[in-house]
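J.: Letter by letter, the chains look like this.
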Amino acid sequence: AQTVTQSQPEMSVQEAETVTLSCTYDTSESDYYLFWYKQPPSRQMILVIRQEAYKQQNATENRFSVNFQKAAKSFSLKISDSQLGDAAMYFCAYRREDSNYQLIWGAGTKLIIKP
Amino acid sequence: SQTIHQWPATLVQPVGSPLSLECTVEGTSNPNLYWYRQAAGRGLQLLFYSVGIGQISSEVPQNLSASRPQDRQFILSSKKLLLSDSGFYLCAWSVGLADYNEQFFGPGTRLTVL
Chain A
725 AQTVTQSQPE MSVQEAETVT LSCTYDTSES DYYLFWYKQP PSRQMILVIR QEAYKQQNAT
785 ENRFSVNFQK AAKSFSLKIS DSQLGDAAMY FCAYRREDSN YQLIWGAGTK LIIKP
Chain B
5 SQTIHQWPAT LVQPVGSPLS LECTVEGTSN PNLYWYRQAA GRGLQLLFYS VGIGQISSEV
65 PQNLSASRPQ DRQFILSSKK LLLSDSGFYL CAWSVGLADY NEQFFGPGTR LTVL
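Sequences listed follow chains A and B, in order. Using this note's numbering, the first residue of the first sequence is number 725, and each one after it goes up by one. Using this note's numbering, the first residue of the second sequence is number 5, and each one after it goes up by one.
Note that these hints are calculated values from the structure, not bench results. Just so you know, not all the hints are guaranteed correct.
To be verified - Just so you have them, the derived chain B footprint on chain A, three or more residues with Cβ under 8 Å:
#, stretch
1, 763-776
2, 785-792
Unchecked claim - Just a sample of chain A residues kept apart from chain B, beta carbon distances all over 12 Å, derived:
#, residue
3, Met-735
4, Ser-746
5, Asp-805
Source: prediction; values computed, not measured. The beta-carbon is built from N, C-alpha and C at its ideal position, and this holds for glycine as well.
With these hints in hand, go ahead and build the complete structure from the sequences.
T.: Structure follows, in structure tokens:
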């Protein structure tokens, strides 16, 4: 069965600096999708970035980028120029390519931004 | 544009009472719909999903049930709440068979069972 592991329960970063959140997953599939979601104190779950496993190029969305290492089954999120509004829980999720409903979620990483 | 609504936003219920949480989606047709529960400080647990009207799949056996009476309406119910049912309930939708099929979430309902 697929699993997603976020080994950092909590991370902190100084405002304007860069932080990397780690995510590893276990799967025997070759095609799948990976996501990072953000959950601020409002509890609204917001999609941050997504990556298709067959794409070698790392996804980028403004200040957010990923380091996707397929062989290592690693999918880390880098946040550049951290802002106070980035403070939230960040969840990594995995979706099988042949499934239209199942997301496997990590336990989350709480990101604290120090002003 | 698509929007997803959940209500109520917060709910406090006694043990043994019934439950009904509602989720509706606007701006899309035939979405996949999901109910998740999130315990404090934890990740998401998928409870139910639906790929169409009247089609419900359960991921976790429990005293909760779900129904989809209309295309864009998804209801989470219980006949008798347990203390362990407390948590944050999130409804989500996705476009079936789309490339990414990423899920979009509602604002959630915080349920406290006393």
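J.: The structure should be examined with respect to each hint, and the outcome stated for every one.
T.: Taking the hints in turn, this is what the structure says about them:
1. Check result for the stretch 763-776 of chain A against chain B: holds, 8 residues qualifying (beta carbon to beta carbon below 8 Å, three or more required).
2. Only residues whose beta carbon comes within less than 8 Å of a beta carbon in chain B count, and the stretch 785-792 of chain A has 0; fewer than three means the coverage is violated.
3. Every beta carbon of chain B lies more than 12 Å from that of Met-735 (chain A), the smallest distance being close to 15 Å; the non-interface claim holds.
4. The Cβ of Ser-746 (chain A) sits about 15 Å from the closest Cβ of chain B, beyond the 12 Å cut-off, so the non-interface label holds.
5. The claim that Asp-805 (chain A) is not at the interface with chain B holds, since no C-beta of that chain comes within 12 Å of its own (minimum 25 Å).
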